[in-house]
Amino acid sequence: MYAYDEIDRTLINERVSEFRDQVKRRLAGELTEDEFKMLRLMNGVYLQLHAYMFRVAIPYGTLSSPQLRKMAHVARRYDRGYGHFTTRQNIQFNWIKLADLPDALEDLASVGIHAMQTSGNCTRNVTTDQWAGVAPGEVEDPRIWAELLRQYSTMHPEFSFLPRKFKIAITASAYDRAAIKVHDIGLRIHKNEAGETGFEVLVGGGLGRTPFIGRVIKPFVHGRDILSYVESILRVYNQYGRRDNIYKARIKILVHELGIEKFAAEVEDEWLATRDSALTLDSEVVEDIRSRFSYPHYQKLSDTPDELTAASADPHFARWLKNSVAPHQRTGYAIVTLSLKPVGGPPGDATADQMDAVADLADKYSFGEIRVGHEQNLALPSVARRDLPALWRQLDKLGLATPNVNLVTDIIACPGLDYCSLANTRSIPIAQELTRRFANNDLAELIGRLHINISGCINACGHHHVGHIGILGVEKNGEEFFQITIGGRADEHAVVGTLIGPAVPFAEVADVIEDIVEAYLALRARPDELFVQTVERLGVEPFKERVYATR
Amino acid sequence: MPLVKQGKIVADGYIQVADDAEIPVEGAALIPAARFLADPEALLKRSGPTGVIWPNNRDPEELVPYLDKLAVVALVFPSFRDGRAYSQARLLRERYKYKGELRATGQVLRDQFVIMLRAGFDSFEVKKDADAEAFAATVKRYTVFYQPTGDGRITALHQRMQLRHAENAR
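Residue numbers (our numbering), protein chains in the order written: chain A, 5 to 555; chain B, 846 to 1015.
Derived from the structure by calculation, the hints contain no laboratory data. Fair warning: there could be bad hints in the mix.
[As the list claims (entries may be wrong)] Just so you have them, the derived chain B footprint on chain A, three or more residues with Cβ under 8 Å:
hint, stretch
1, 8 to 16
2, 38 to 47
3, 235 to 249
4, 276 to 283
[To be verified] Part of the chain A face toward chain B, derived, beta carbon under 7 Å:
hint, residue
5, Gln155
6, Thr158
7, His160
8, Pro161
9, Glu162
10, Ser164
11, Phe165
12, Asp286
13, Val289
14, Asp292
[Unchecked claim] Here are the simulated lysine-lysine pairs, DSSO-like style, with alpha carbons at most 30 Å apart:
hint, chain 1, residue 1, chain 2, residue 2
15, A, Lys101, A, Lys41
16, A, Lys266, B, Lys942
17, B, Lys973, A, Lys101
18, B, Lys972, A, Lys169
19, A, Lys28, B, Lys850
20, A, Lys41, B, Lys853
21, A, Lys169, B, Lys973
22, A, Lys28, B, Lys985
23, A, Lys304, A, Lys368
24, B, Lys850, B, Lys985
25, A, Lys28, B, Lys914
26, A, Lys304, A, Lys326
27, B, Lys890, B, Lys973
28, B, Lys942, B, Lys890
29, A, Lys41, B, Lys942
30, B, Lys985, A, Lys101
31, B, Lys972, A, Lys28
32, B, Lys890, A, Lys28
33, B, Lys944, B, Lys890
For each residue, glycine too, the CB sits at the ideal point set by N, CA and C.
Sequences are here, hints too, so could you generate the full structure?
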């Protein structure tokens, strides 16, 4: 955990007080809605179909139990008793009143939580691997760098009004859980030959209506130079990014139009003039930030305690153990994913009661720490393996032990037309129907790893481009239709999926997905050939034939 | 539109010369960039302070030969959502060492005062009277700054190091 000090707390409180004044001026008519819009967005406040929506940051996906309890409190006190975890380590509340927002922010500020820059044309919440600090084999804890970048990008005096939003993600693991290749800047931590920490820097990834996979702009930027290098990218973007068309304003379009070589040369020129500046991070400063991350006092425990062996005789427990529990850096401990994808439920939602209960379980079993991942699930990062049976029983009662992590029903979905003012179609009911179709755990396990991502419009908040199966809602003559892509992925081999054919109506989507999955089961070369591997080997043709032959 | 300078509302001594208007031979004047660059040497010899109105899509490096003679550089925010002039301001102050008045013009609201000061602006053509009057109170709103910029405010990272060194010395 990163512990905010008096300096960080002061800034958050100053921001709350500023926003309180802005809301007051808006309610008094001193600010027009047009003026207020940008200010509220930079404090996480959207105006949606039915109400204001409030997006709160969970920096690098790490929460303490008091912080999660405060989220539950906000859900209960100011909203309708639940919250929605997003694909970028944020939580959203959907029914909040404008006049209540300053109080909600003040309550969150009391535990070091804020909503700064969760929207607006500025640097958004810097995200990373939800297993940071506990994943076996990671180069080092990426959250130290995420925190440095969080501080650097918070209320930046030059980059608060960029052409468009700007998202940074960091990974330090070989398997990329942070989707860095679909971010404006993606950072992969690695070491140079001298053993010094640095970053492979990618730029220009992004989804939306024009998806791009990020390109490497520099293979190694030393840790001490990362802020000046990021500043150089942002400065080039701020000056030359397009502002004439909102759909062409992301950095990916600038990188694409200039070409990566020209863009890289511009950044390099800028960087040569910037690198030897106050932005240089000397090791003392980095160590100071590192020292404020506290780590659990792990005990020496067995990886195969008797409790675990005994409980494994229960097939329900054994299935969950196999599905939701991952290895930890430390012997005797495990990382536990809490599925927020129950059969028939909206993906990523948690009730206030569930949040409180998870906070209690974190205190009891995971050193008071909770993680949030971009797949819209929670995790308890450091659970003693001997405690897994007891934890499972309690999670099961809470509806948080669905053994579907990374399986066909672990669906990423945007809020869609049920909430969102931009949406063309609903997303949540599609996800709900799919979780019912594939509710049989044996079938889901047989299918294996398969990510279905659903967006209710071209803005792609549900990351449909990079789903193994992507579902995109489009409107045709006032009716909801859905385009299906297959073969996308968001990991270190990120690729945009391929459209299989004409869009299908709402009522047929689940049937089409079942056809695709059946085709895969028939076509796969071996039981352990994943869906994406089969698509990569055979292309979309056999799937297309299966889906459209009878339609 | 009120002008705020050194924290106070002051009378604007400058005439803003329109694109097609005649440039006055004397008195303080702000001249559009294209006209200024057409004959900078002559314009800088006018009697009376001369400033330039610099659009946000033009590289401020072009101004470098004249910076020590310019009394004002006025940068433009056509909309407060368009943040290009923040980069221009920092480049002028921090890279090109411009010491004269750096003026923010266009849609300037109180909500930008702090970051404008931090980017190097020291005068503000403010859109609303109430915002101009609130200047002094608004700029005191923040006491913590995370980024090093040319305004010299100490950053949180360095504040922490100072605290740490002070503790160690005790």
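Hints, verified against the model:
no.	hint	in the structure
1	8 to 16	holds (count 5)
2	38 to 47	holds (count 3)
3	235 to 249	holds (count 4)
4	276 to 283	holds (count 4)
5	Gln155	holds, 4 Å
6	Thr158	holds, 5 Å
7	His160	holds, 6 Å
8	Pro161	holds, 4 Å
9	Glu162	holds, 4 Å
10	Ser164	holds, 6 Å
11	Phe165	holds, 3 Å
12	Asp286	violated, 9 Å
13	Val289	holds, 5 Å
14	Asp292	holds, 6 Å
15	A/Lys101 x A/Lys41	holds, 15 Å
16	A/Lys266 x B/Lys942	holds, 28 Å
17	B/Lys973 x A/Lys101	holds, 28 Å
18	B/Lys972 x A/Lys169	holds, 26 Å
19	A/Lys28 x B/Lys850	holds, 27 Å
20	A/Lys41 x B/Lys853	holds, 28 Å
21	A/Lys169 x B/Lys973	holds, 28 Å
22	A/Lys28 x B/Lys985	holds, 19 Å
23	A/Lys304 x A/Lys368	holds, 18 Å
24	B/Lys850 x B/Lys985	holds, 16 Å
25	A/Lys28 x B/Lys914	violated, 44 Å
26	A/Lys304 x A/Lys326	holds, 23 Å
27	B/Lys890 x B/Lys973	violated, 35 Å
28	B/Lys942 x B/Lys890	holds, 22 Å
29	A/Lys41 x B/Lys942	violated, 35 Å
30	B/Lys985 x A/Lys101	holds, 29 Å
31	B/Lys972 x A/Lys28	holds, 19 Å
32	B/Lys890 x A/Lys28	violated, 50 Å
33	B/Lys944 x B/Lys890	holds, 19 Å
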